[in-house]
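Peer 1: Use these hints to put chain B onto chain A, whose structure you have.
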Amino acid sequence: MAKNENGKADIVPAESVVTGTGVVAPDAFTDPGLPPHRPRVTDLDPKAAKRAERVVYTLFYLSIAASVFAVYAYMFFPIEPENVHSVRMNTLYLGLGIAFSLLAIGIAAVHWGKALMADKEAIDHRHPVRGTDETRARAVEIFRESDEESGFSRRTLIRNGLIGALIAFPLPAIALFRGLAPMDVDPNNELKHTMWKKGLRLTRDPQGTPIKASELTIGSAFQVIPEGLVDLPEHEKLDAKAKAAVLLVRLKKEDLHWSSKERESWSYEGIVAYSKICTHVGCPVALYEQQTHHLLCPCHQSQFDISNECAVIFGPAARPLPQLPITVDSEGYLVAMSDFTEPVGPSFWERAN
Amino acid sequence: MSTVSAPAQSGVVGKFSNYLDERTSISGAVKEFGRKVFPDHWSFLLGEVALYSFVIILLSGSFLTFFFQASMTPVLYEGSYVPLKGIEMSAAMSSTLDISFDIRGGLLMRQVHHWAALLFVASIGLHMLRVFFTGAFRKPRELNWSIGFVLFVLAMAEGFTGYSLPDDLLSGNGLRIIDGMVLGLPVIGTWITFLLFGGEFPGADIVGRLYSLHILLLPAFVLIFIVLHLMFVIIHKHTQYPGPGKTEENVVGFPILPVYAAKAGGFFFLVFGVVALMAATVTINPIWNYGPYDPSPVSAGTQPDWYIGFADGALRLIPPHLETYWFGYTWSWNIIIPVLILLVFLAAAFAYPFVEAWVTGDKREHHLLDRPRNAPVRTAIGAAGVTFYAVLWAAASSDLIATHFKVTMEGVINTLQILLIVGPIIAFIVTKRIALALQKKDREILLHGFETGRIVRLPGGEFTEVHQQLDAYDRWQLVSYNDNAPIMLRPNPQGKITGGMRMRASLSRFFFEDRIAPVTQEEYKQALEHAHH
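Going down the list, the sequences are from chains A and B.
Just so we're aligned, residue 1 is where the first sequence starts under this note's numbering, counting upward by one.
Just so we're aligned, residue 1 is where the second sequence starts under this note's numbering, counting upward by one.
No wet-lab data here; the hints were simulated from the structure.
Nothing here was measured: the structure is a model prediction, and the numbers come from that model.
Incorrect hints may have been included.
What the hints assert, rightly or not - In silico DSS-like cross-links for lysine-lysine, where the CA-CA straight-line distance does not exceed 25 angstroms:
hint: 1; chain 1: A; residue 1: 198; chain 2: A; residue 2: 114
hint: 2; chain 1: B; residue 1: 139; chain 2: A; residue 2: 114
hint: 3; chain 1: B; residue 1: 237; chain 2: B; residue 2: 363
hint: 4; chain 1: A; residue 1: 120; chain 2: B; residue 2: 36
What the hints assert, rightly or not - Quick list of simulated restraints, FRET-style, between CB atoms:
hint: 5; chain 1: A; residue 1: 26; chain 2: B; residue 2: 462; range: 34 to 42 angstroms
hint: 6; chain 1: A; residue 1: 158; chain 2: B; residue 2: 12; range: 39 to 47 angstroms
hint: 7; chain 1: A; residue 1: 39; chain 2: B; residue 2: 528; range: 27 to 35 angstroms
hint: 8; chain 1: B; residue 1: 87; chain 2: A; residue 2: 236; range: 17 to 25 angstroms
By construction, the Cβ of each residue, glycine as well, lies at the ideal position given by its N, Cα and C atoms.
In isolation and in its complexed conformation, chain A is listed as follows (with noise of 0.2 angstroms):
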């Protein structure tokens, strides 16, 4: 490496240390040193002094006051059952008082530093951070010793022994960990499946009512979830939700356009069905514009168009949602025709084995 790439000489601040890249000029300015001091007005007028220690206890004094008015604030500004102002107010007073009691101590605190405390400016030395040169020898020497006297470096099966075993310790604590998901439950085949199978009914979101194919009229969306979700114990309903939610809509047949015949026999007299879970990762797509057949998905803004399967028209997403196929059962509610054809939501490793 170069001391210096113009071969000048340096003038080089410690003993040999390399700048680098770093150009120092021989005829280089020199520090003319610290600037004269320049007294502050409180140093000059005495009046000032005053003033200045004037604002300082009496902030310390309103601090005291404000903390004091927080306290009968928590008191007098209680907060009522049912009453949503008086929970404004307390917090608003009480924060208040604190706020000015904090603020109080603050300003004074510095004000006095600034104004009143010497305001000489001091000088510290530096030195360089690494050791001096006996205490790096001494240092080398301690481990040159404790090799010496541990045969650390010699006795290599021992050393050798000691590394192993240092790796092999935290290994069951790392099998332990296994122990945070279910050890009977094989992921891959729980986010192949959802609620939905041959003949459950689509019921409205939340009430789980069912849905004659007669209610709904052209342009209309229902949210739904499969018949059956409400009853579900607590802990299972969200999960079950998380992958079961559907999007319910009716266009004219027309404005459907279908890849093959068997996908149009997946609708019901242009009524069609697709999982509202973001084949991204994984928002509700809960946003369906009527005039374009669009649904939006609001976190990440992937669209998807009804009248064509569900296709991505924009948006991070990479694959259309998955459409539950529908019909009507004999006393004309809607119900599923079997379980979602492809995994719901997000992409996963193991998605497509």
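Peer 2: Chain B in isolation, oriented as in the chain A frame:
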């Protein structure tokens, strides 16, 4: 031992001090640190704001733990907030509502906690920018930059885990996005989310687990790293801005006792006071408006807390259809690419001091800060990084930008996609040019003096403006900067030029080829003579 013969032992204070010192040796610490000098500058307060916000977070957070129940057990809400009465929600949400509506000062403390958390991350970010743009990360402080970087990441993790605790609609959606992101990671994604959520999303475990992280593990790490960070500040002594009388071998400023105790101590109360004032008057995270988490509804215009915005923005800017099936597995490039972009961005921020140290090969200690203009390429790199971050951040509000400014969402996204690539390049070029221009201006003022506005008519009839030379102190301000020149590529002692050397030489050219050297005495003399003729 011989008896202690301390002079000042009379009085209560003296006796108490003696008692303490004989058991703790505390007089040594007072002697060592009591008069330690700290330099003065407003930009050094940014780190202090971060430290103080953390203290405020600890205080307000401890209060909240006494009331919060980190459980996803479903309960029927029976508290004071009428619109949600009788609605089923988790105990976490219900207890958060109780803190807000049934405990005096509870809402205030929640808001203190949340505002302080936002301020914590913001002040860390600004502090990092200050350190970057003034070159405070140079030797011997590279490792302290790394420690600070870890703190920045920990602060974001603390923020996100805290944001997820109330189990309201927004926080649930935030978790859903994390779940979807992790699911998309190759090989390990599926299992990681299963372990994290204790089964399928949302499950019944995540709030309790995040709570452990949020109040135990992460704060412990934050605390450890803050202690390390401050320890190094003491070991290195604080950097100072260049100026007359300030050298690499001294620190000019005010002693801890009494001036800094008053100013920094007072500043803690100022920060706390401002946070309390915000908490008293400005609502933050009104979870009662969002309702409990349900996987089906979501409201338009959802936003993460500000510091997660850049990650959310990265997710939004990826073009459609990026997913492939290879070897029977799903490769979600729409997740993998944004995650990689974020990791590379963070890694670049982490590594910068080490890269610059390698390029300059400068082994000197640097305690005098650079004015940003005097390191044009570094400043330009910083501006490019800030622009990149800002575009990602703006992307997290793409929908709100579209609705507020009445432009199309597609237009906003496409513009930001282009800006993400073009923006940093423009920022780099413009910033570098501005820095160089400012350096030239400094040089000009130095050599020809500053304009006094006084017009003089010469005997020949010519009008001229009188320029006045700077005094020695102002002149030093403009000439005393760190100057670098590119390295010449020369063979090493073995007569070889390695790839590493080539790389270093070209990087040093990139950094320093446009170089404005400080004015030397000789140049100055010539300029003066020239002016007199």
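Peer 1: With reference to the structure, classify each hint as holding or not holding.
Peer 2: Going down the list of hints, with the structure as the test:
no.: 1; hint: A:198 <-> A:114; verdict: violated (79 angstroms)
no.: 2; hint: B:139 <-> A:114; verdict: violated (32 angstroms)
no.: 3; hint: B:237 <-> B:363; verdict: holds (18 angstroms)
no.: 4; hint: A:120 <-> B:36; verdict: holds (14 angstroms)
no.: 5; hint: A:26 <-> B:462: 34 to 42 angstroms; verdict: holds (39 angstroms)
no.: 6; hint: A:158 <-> B:12: 39 to 47 angstroms; verdict: violated (59 angstroms)
no.: 7; hint: A:39 <-> B:528: 27 to 35 angstroms; verdict: holds (33 angstroms)
no.: 8; hint: B:87 <-> A:236: 17 to 25 angstroms; verdict: holds (19 angstroms)
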